[in-house]
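**Q** Chain residues, written in single-letter form:
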Amino acid sequence: MIKPNRLSPEQYAENFSDIKPPFDNKEAALVEANRCLFCYDAPCTKSCPTSIDIPKFIKQITTDNIKGSAHTIFVSNILGGGCARVCPVEKLCEGSCVYNLLNEPPIPIARLQRYSTDPAIENKWELFHRKPDIPVKVAVVGAGPAGLSCAHVLSREGINVTIFEKEAKGGGLMTYGIAAYKVTPESCQDEVDYITSLGGIDIKYNQTLGVDFSLDDLQRDYDAVYLGIGVGLANKLNIPGEDLEGVEDAIRFIYDLRSHPLNKIAVGDRVAVIGMGNTAIDAATQSKRLGAKEVTMVYRRTASEKTCTQHELDIALLDGCNMLWLAAPKEIVGTNGKVSALVCDLMKLGAPDKSGRPAPEPTGETITLQVDMVIKATGQSPYTELVNQEHLDNQKGKISVHNTATNIPSVFAGGDCVNGGKEAVDAVQAGKDGAAAILDFLKIKSK
Amino acid sequence: MADISANFLGIKSPNPFWLASAPPTDKKYNVLRAFEAGWGGVVWKTLGSQVKNVSSRYSAVNFNNTRVMGLNNIELISDRPLEINLREIEECVKLFPDRAMIVSLMADNNRNSWHELIKKVEDTGAHGFELNFGCPHGMTERGMGASVGQDPEIARMVVEWVMEKATIPVITKLTPNVHSVVPTGKAVVEAGSNALSLINTIQSVTGIDLDTFVPNPFVGGKSVFGGYCGPAVKPIALKFLTTISQNPVTKKVPVSGIGGISNWKDAVEFMLLGCTTVQVCTAAMTHGFRIVEDMCEGLNNWMDEKGFKTIEDFIGKSVDTITKWEELDINYHHVANINQDKCIHCGLCYITCEDTSHQAINLAYGDPYNIYSIKEDDCVGCNLCQLVCPVEQCITMVEKRVAPEYLNWVEFKKQGLPLNDH
Numbered sequence: 007m008i009k010p011n012r013l014s015p016e017q018y019a020e021n022f023s024d025i026k027p028p029f030d031n032k033e034a035a036l037v038e039a040n041r042c043l044f045c046y047d048a049p050c051t052k053s054c055p056t057s058i059d060i061p062k063f064i065k066q067i068t069t070d071n072i073k074g075s076a077h078t079i080f081v082s083n084i085l086g087g088g089c090a091r092v093c094p095v096e097k098l099c100e101g102s103c104v105y106n107l108l109n110e111p112p113i114p115i116a117r118l119q120r121y122s123t124d125p126a127i128e129n130k131w132e133l134f135h136r137k138p139d140i141p142v143k144v145a146v147v148g149a150g151p152a153g154l155s156c157a158h159v160l161s162r163e164g165i166n167v168t169i170f171e172k173e174a175k176g177g178g179l180m181t182y183g184i185a186a187y188k189v190t191p192e193s194c195q196d197e198v199d200y201i202t203s204l205g206g207i208d209i210k211y212n213q214t215l216g217v218d219f220s221l222d223d224l225q226r227d228y229d230a231v232y233l234g235i236g237v238g239l240a241n242k243l244n245i246p247g248e249d250l251e252g253v254e255d256a257i258r259f260i261y262d263l264r265s266h267p268l269n270k271i272a273v274g275d276r277v278a279v280i281g282m283g284n285t286a287i288d289a290a291t292q293s294k295r296l297g298a299k300e301v302t303m304v305y306r307r308t309a310s311e312k313t314c315t316q317h318e319l320d321i322a323l324l325d326g327c328n329m330l331w332l333a334a335p336k337e338i339v340g341t342n343g344k345v346s347a348l349v350c351d352l353m354k355l356g357a358p359d360k361s362g363r364p365a366p367e368p369t370g371e372t373i374t375l376q377v378d379m380v381i382k383a384t385g386q387s388p389y390t391e392l393v394n395q396e397h398l399d400n401q402k403g404k405i406s407v408h409n410t411a412t413n414i415p416s417v418f419a420g421g422d423c424v425n426g427g428k429e430a431v432d433a434v435q436a437g438k439d440g441a442a443a444i445l446d447f448l449k450i451k452s453k
Numbered sequence: 036m037a038d039i040s041a042n043f044l045g046i047k048s049p050n051p052f053w054l055a056s057a058p059p060t061d062k063k064y065n066v067l068r069a070f071e072a073g074w075g076g077v078v079w080k081t082l083g084s085q086v087k088n089v090s091s092r093y094s095a096v097n098f099n100n101t102r103v104m105g106l107n108n109i110e111l112i113s114d115r116p117l118e119i120n121l122r123e124i125e126e127c128v129k130l131f132p133d134r135a136m137i138v139s140l141m142a143d144n145n146r147n148s149w150h151e152l153i154k155k156v157e158d159t160g161a162h163g164f165e166l167n168f169g170c171p172h173g174m175t176e177r178g179m180g181a182s183v184g185q186d187p188e189i190a191r192m193v194v195e196w197v198m199e200k201a202t203i204p205v206i207t208k209l210t211p212n213v214h215s216v217v218p219t220g221k222a223v224v225e226a227g228s229n230a231l232s233l234i235n236t237i238q239s240v241t242g243i244d245l246d247t248f249v250p251n252p253f254v255g256g257k258s259v260f261g262g263y264c265g266p267a268v269k270p271i272a273l274k275f276l277t278t279i280s281q282n283p284v285t286k287k288v289p290v291s292g293i294g295g296i297s298n299w300k301d302a303v304e305f306m307l308l309g310c311t312t313v314q315v316c317t318a319a320m321t322h323g324f325r326i327v328e329d330m331c332e333g334l335n336n337w338m339d340e341k342g343f344k345t346i347e348d349f350i351g352k353s354v355d356t357i358t359k360w361e362e363l364d365i366n367y368h369h370v371a372n373i374n375q376d377k378c379i380h381c382g383l384c385y386i387t388c389e390d391t392s393h394q395a396i397n398l399a400y401g402d403p404y405n406i407y408s409i410k411e412d413d414c415v416g417c418n419l420c421q422l423v424c425p426v427e428q429c430i431t432m433v434e435k436r437v438a439p440e441y442l443n444w445v446e447f448k449k450q451g452l453p454l455n456d457h
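Those protein sequences? They're chains S and G, same order as listed.
Each residue of the first sequence is one higher than the one before, starting from 7 at the first, in the working numbering.
Each residue of the second sequence is one higher than the one before, starting from 36 at the first, in the working numbering.
Be aware that one or more of the hints could be misleading.
[Unchecked claim] What follows is a set of in silico ranges between Cβ atoms, one per label pair, in the way DEER data are often shown:
1) 368/G / 362/S: 45 to 55 Å
2) 192/G / 62/S: 56 to 66 Å
3) 164/S / 245/G: 30 to 40 Å
These are calculated hints, taken from the structure and not from any lab test.
Note that CB positions come from ideal geometry on N, CA and C, so glycine has one too.
Generate the whole structure from the sequences, applying the supplied hints.
**A** Take a look at the structure:
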């Protein structure tokens, strides 16, 4: 049965506490900071999509220059606080730390990054100063990582930025699409407030492109426009039974979980999660932590082809989620309009497909899982209808850009709406790139 | 099993590890704990006229994660009544007759004071004296400690007074707060001092509190120069020791080495440069007396590996390897080599060579790992890359002699050979 309120308040609090807690004390942080070798042309920095000067910010921790350290992080990544929590660092900075080559644990870069950024955000350190106002206005659509990052760079140059956000809060997927034990709603809100504390950034909430305003409006009223509208809901499975009660979209599920009290979120007794990306992991672990008795992750390939990181998979395994490898959903069976089972084709691996991974092929056998809830997490769909409606060139809904410029004059775009869905840190960099292109377009010289 | 016992002017100890004259040797309680832990001997904290200490006495220099790389103190000589010290020394000698009991002395500046103090201490059964001519703080303002050690003629005079009276061996402890320890060392040996010990602490300001603007140790809003010791001073101590071990006069007497000795390896280095025993303070003050266990075991294992039966077999073995610059072999040349299998691509060798040395390392950009290699023709063999490399044996220096024959600077000049191309 799908129902909310399965746990005591204490259990909710424990299950959704910070999975990667910050350092308890300065000494613990210094032990790790002092281990950093201060590499030259550091592999960690090169593996960060925003190119944070990691050796420098860690060195600054060792010299008690925490303000300097926070500035080093934010100047490259204004969402450095959130990214420290949500980045899959094991495949980015920490994954390329040279200590891995000695078979030693890498420097805990993300935790050190929190060590510097948490106090900056908490104490509202003024690390950036806007240049004097200039009579230039830029509209940004979407207050997610791409939009916020773009807005911050532009505002620093004295530009007046207005952000149009369809939700009631900023942060985008950081606020609405990531497991609650990674970032709390409060920390997201604090981060958005910290970014806008620079001044010159006005966020208008509950404003949806194509509904409350059009691109034409923005082009008319602003000197340039940046689209950081992200991607929409989960891909459809296109199998029978997809409309039954109890079939959920992972993004919607996490969105509800992030925007409502935990005890109001309903979850089944036995849940199947389709997919093996990081969002699928988030959906599975959160279901389990909400009190589902049994959670099974269903993936049509094997662990070798999974798109989540091993670290993420380990979280799900430690949470007690079952893994059903080589199984592709074939049909969702319902009783009285509600999900009662998931039938899957059992697969085997064949020749490599376009992605270079072995393609799964049906073996002819099936397996039936008795479940009362199915969560779809097989990737997200772009806002195809919206971008077509606004006459933006696109490929299957992904906005086509040339150096962040779209086909429409003065309109730029970046982040998930262009790349189809990558990490938050990629969106932050996209926002910086967009801002640079806009400054260039407006003939404003930075620095 | 090697024999690690020491015989210093007939003063025997089961190992060459003594505790230096300092807080750890201030009273019976500590000294008995030290002997129980296995220390070969102690130099009892300096006796003299009773003094009064201030509160807040130590400060330290930390380096990255290492606490107390250097320790600084402004303590004076023993502030306990002489009679208590004398009684406790006697008790310790009786309880541990196999350990060396040296007593550090700093009498007032007249013959009688020294003679009286010597008589009283000899009555305890102590085995030897160490004359404190080195304390660099407090006592100097009263004309004692380093004020004596810094003036060879005053030091000579005081040693003469001491030798008139003493019937047990006398060690003179030298201050490093001079440009050379040799003049005072020579003077006191000529005056009859049976042995030398060095170094005492180095005058220092360990650091300033960036909130109060007052250096540490903070004593009611002020501070004072203190005496610096601990691992940070070891290289300086070894240098001073070498000059004593190479001087024709001072090298004739045994030396007890002091200065940042923290483990058996440090101790061996001091012994290779001529010490018969070594004295430890900071390492014990930062870790407790138990460190002596590994000192004994490590020394024993090393001696077994090297085939040394007694410590006499290696004492002084390195003294002659330190020479004058102009006697170094200019034809000796080596170049760095990077073992690519061991390299972890941190780039420290590259950036240090590129920014601060000889631009002798190649960088081939990679994602994310760059490849670094040595430009042998540009490498002067300075060792910097090897020193900064975090991986043992990743960068090695490979000998590539310029010519087979030995050639020193004097000869080089005489032959009018060309200087470096630049």
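**Q** Work down the list of hints and note, for each, if the structure agrees.
**A** Here's how the hints hold up against the structure:
Remark: the range hint 45 to 55 Å for residue 368/G to residue 362/S is upheld by a beta-carbon distance near 51 Å. The given range of 56 to 66 Å is respected by residue 192/G and residue 62/S, whose C-beta atoms sit roughly 59 Å from each other. Checked against the hint of 30 to 40 Å, the C-beta distance between residue 164/S and residue 245/G comes to roughly 35 Å, which is consistent with it.
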